[in-house]
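Chemist: Modelling step: build the complete structure from the supplied sequences, incorporating the hints.
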Amino acid sequence: MNITILEAKHISKDFPGPSVPVRILSDITFSINKGEFVAVIGKSGCGKSTLLYILSTLDTDYEGDLLIGNENMRGKKENQLAKIRNEKIGFVFQFHYLLNEFSVLRNVMLPAQKLNKYTEQEIAQMALQKLEMLDISKLAHKKPNQLSGGEKQRVAIARALINSPQIIMCDEPTGNLDKKNSEIVFDIFQRLTKEINQTLLVVTHDTSFAEKTQRIIEMEDGRIVSL
Amino acid sequence: MNYKLLVNIAKALLLARWRQTMVAAVGVTFGIAMFIALQSFMTGLNKLLDGLILNRTPDVRLYHEIKPSNRQPINESPFYNRNYNFISSLKSANARLEIYNSGTILQSLAKDERVRGFTPRITAQVFFNYGNNDINGAITGIDVQKESLLYSFTDYVVEGKASDLKNVANSIILGKGLAERIQVNVGDVVSITTSTGDQYSLKTVGFFQSGINEIDKMQSYASISTTQKILGKPGDYITDINIKLKDLNIAPEVAKEYAQLYSTDAEDIQTANAQFETGSRVRTIISYSVGITLLIVAGFGIYNILNMMIYEKMDSIAILKATGFSGSDVKKIFLVISLGIGLSGGLLGLFFGYVLSSGINHIPFNTSALPTVKTYPINYNPLFYVIGILFSLITTYLAGMFPARKASKVDPVIIIRGK
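Residue numbers (this note's numbering), protein chains in the order written: chain A, 714 to 940; chain B, 213 to 631.
By construction, these hints were calculated from the structure, which means they are not laboratory data. Treat the hints with caution; some may be incorrect.
[Said to hold, decoys possible] Take a look, some chain B residues computed to stay more than 10 Å from chain A by CB distance:
1) 221
2) 312
3) 316
4) 425
5) 528
6) 539
7) 588
8) 599
[Claimed, not checked] Ranges between beta-carbon positions, derived for each pair:
9) A:727 <-> B:219: 39 to 49 Å
10) B:626 <-> A:778: 18 to 28 Å
11) B:605 <-> A:727: 43 to 53 Å
[Stated by the list, open to error] Straight-line C-alpha distance at most 25 Å; calculated DSS-like pairs for lysine-lysine:
12) B:373 <-> A:830
13) B:303 <-> B:358
14) B:388 <-> A:801
15) A:801 <-> B:358
16) B:223 <-> B:618
17) A:855 <-> B:621
18) A:796 <-> B:618
19) B:223 <-> A:856
20) A:830 <-> A:789
21) B:358 <-> A:796
22) B:415 <-> A:789
23) B:621 <-> A:796
24) B:216 <-> B:544
25) A:893 <-> A:855
26) B:415 <-> B:373
27) A:790 <-> B:621
28) B:544 <-> A:790
29) A:925 <-> A:893
30) A:790 <-> B:618
31) B:543 <-> A:790
32) B:378 <-> A:801
33) B:388 <-> B:373
34) B:373 <-> A:789
35) A:830 <-> B:223
36) A:747 <-> A:925
37) A:893 <-> A:907
38) A:801 <-> B:458
39) B:378 <-> B:358
40) A:855 <-> B:223
Keep in mind that this is a model prediction, so the values were computed, not measured. Ideal Cβ positions, reconstructed from N, Cα and C, are used throughout, including at glycine.
Modeler: Below, the structure written as structure tokens:
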């Protein structure tokens, strides 16, 4: 069963340079199917992060077409894109971006509260369940600044999972972590693909991490060199 | 839209920086409190000063002025009526001060819907005998009950009883200054000489103090019948009718109407005291501008604090936007923060404004000019409190709008890339 979750069609992007625009991405075309665990690798500056921001709809300044769940993202308004991100995309960044003002549980609940599909109690229940799945339910009522780096990143993953997104996009999710924590995060990702058939797109320059994924997209100078 | 969530986030951000928030709120509190106190005090003072005039001045005064007739024989003559006639040094022939037909006028005034009340009066010029000296003065014949009702006459009687004017025959209430000049106490008998040369003895039953020294040195009051007796006039002799209207603002038209209807002279309060409204207006403008200035200063404080908060919370804004909060959601969060500061600061401001103004209300304020006033006057008008809270919300909204707009435009890509 191959359901296409995300499709990039001829995506290009220029940055305004000193005299002529510099081409950052040129003619990127690929698609990701449901349940795939994809790693995008490449040297730093090859445009892999830029590509991720375009694929995640955060960056709207590009040429070409982006389809998420067969829906073209071109021409959508800012608040429509925000809604799509809320519903269909989970994020894990290099930095955890947890709100120190809220408890761990509330941080995880936040995107679901924004979605506003379930009641407060149901959302709390779902959030606890996600934390349990990641083995950090005992941290639920702590503040993020009381947590270790690895724990914070796991909370961020729980937050990405809360709305059962079609795809989770990660930008260097292990970049700030030591080997042991990196392995924990990788194991979590692997479990997610196996247990709930979660689609994952991970941008990383950690080749040992990438090698363990199902599929590697390698980039160089704004082009895909191998799919 | 899930407003509860946005408010929750705003609250968390506020409480995370509660010290800064408090400083901002204190700014608003101070502004609003000062505004309330100033307004209450200023308008209290205005009311008092206006009262000085309004309590004593009728809205419309009917009187008969001694003046030459408008119709002169030469103009009536057919021989000269095509000419332009200059007549100089005209003198009035009929020197009667009384209002003609006063009985009928009083009856028809009692039926007029626009009239709240009216008092007949007689003014008489007299001399007060003080040893060999005669001191110039005036007696006004009044109806004590009506005067007390419409012009709070009893408030100004500082010694003795106003009602004695009616109950004791041939009695007089002297101005405090006048009594001091001719050295009489309550209970003493004063003798007066009228302009026609008749002498009378009147019993002093009280003193009054109007607050205007010139008046207190000249003026005295007696009942209407006593005054008629002194002047040797019949019972329908009245020189003035002072009318209080239900609506002060229609005084000019009513005055005009009565002048025609009763063929007397009529003067309205606006003409008689043209300057007094100007004074109140200037004082109101001053207190509003001080209040608004304070609030603008507080507004800049809020603007600064929100701006700082946005720089501190860039990460939070970025992740909120990445996880599905739109720009307008972020804007709302920061507006809620700003309005929260405005509302809490404003409500506290109302409270402290009330405390401050009631404090002023307890400061002793004794002046011989105002016998009824013992403390500084305060006007506890609920309207000021409504305006105060509206002001605080509007200024904080405006102060929050620009930082909120900035927050809504934060590009999460730039923040996340920078890490």
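Chemist: Against each hint, give a clear statement of whether it holds in the structure.
Modeler: These are the hints, each one checked on the structure:
1. 221: The claim is violated: residue 221 of chain B sits with its nearest Cβ about 8 Å from chain A, within 10 Å.
2. 312: With a cut-off of 10 Å, residue 312 of chain B remains clear of chain A, as the shortest Cβ separation is near 82 Å.
3. 316: holds (79 Å)
4. 425: The claim stands: residue 425 of chain B keeps its Cβ more than 10 Å from every Cβ of chain A (closest is about 67 Å).
5. 528: The claim is violated: residue 528 of chain B sits with its nearest Cβ about 5 Å from chain A, within 10 Å.
6. 539: The claim is violated: residue 539 of chain B sits with its nearest Cβ about 6 Å from chain A, within 10 Å.
7. 588: holds (47 Å)
8. 599: Residue 599 of chain B is indeed farther than 10 Å from all Cβ atoms of chain A, at 35 Å.
9. A:727 <-> B:219: 39 to 49 Å: holds (42 Å)
10. B:626 <-> A:778: 18 to 28 Å: Between residue 626 of chain B and residue 778 of chain A, where Cβ atoms are some 24 Å apart, the hint holds.
11. B:605 <-> A:727: 43 to 53 Å: holds (46 Å)
12. B:373 <-> A:830: violated (79 Å)
13. B:303 <-> B:358: Since the Cα atoms of residue 303 of chain B and residue 358 of chain B sit roughly 37 Å apart, the hinted pair is violated (cutoff 25 Å).
14. B:388 <-> A:801: Distance of about 90 Å is beyond 25 Å: violated.
15. A:801 <-> B:358: Roughly 83 Å between the alpha carbons, so the hint for residue 801 of chain A and residue 358 of chain B is violated.
16. B:223 <-> B:618: Roughly 19 Å separates the two Cα atoms, so the pair holds.
17. A:855 <-> B:621: Status violated; Cα separation ~31 Å.
18. A:796 <-> B:618: Holds, because 21 Å separates the two Cα atoms, which is no more than 25 Å.
19. B:223 <-> A:856: holds (16 Å)
20. A:830 <-> A:789: holds (22 Å)
21. B:358 <-> A:796: Roughly 75 Å separates the two Cα atoms, so the pair is violated.
22. B:415 <-> A:789: violated (97 Å)
23. B:621 <-> A:796: The hint holds at about 17 Å.
24. B:216 <-> B:544: Holds, at roughly 11 Å.
25. A:893 <-> A:855: The given pair, whose Cα atoms are some 23 Å apart, holds under the 25 Å limit.
26. B:415 <-> B:373: Roughly 13 Å between the alpha carbons, so the hint for residue 415 of chain B and residue 373 of chain B holds.
27. A:790 <-> B:621: holds (14 Å)
28. B:544 <-> A:790: Holds, because 18 Å separates the two Cα atoms, which is no more than 25 Å.
29. A:925 <-> A:893: This hinted pair holds, its Cα atoms lying about 15 Å apart.
30. A:790 <-> B:618: Judged against 25 Å, a Cα distance of about 18 Å means the pair holds.
31. B:543 <-> A:790: Holds - the C-alpha atoms of residue 790 of chain A and residue 543 of chain B are around 16 Å apart, at most 25 Å.
32. B:378 <-> A:801: violated (93 Å)
33. B:388 <-> B:373: holds (14 Å)
34. B:373 <-> A:789: violated (86 Å)
35. A:830 <-> B:223: holds (22 Å)
36. A:747 <-> A:925: holds (18 Å)
37. A:893 <-> A:907: Distance of about 21 Å is within 25 Å: holds.
38. A:801 <-> B:458: The hint is violated at about 71 Å.
39. B:378 <-> B:358: Holds. Residue 378 of chain B to residue 358 of chain B sits at ~12 Å (cutoff 25 Å).
40. A:855 <-> B:223: holds (19 Å)
Checked against the numbered hints above, the structure violates hints 1, 5, 6, 12, 13, 14, 15, 17, 21, 22, 32, 34 and 38; every other hint is satisfied.
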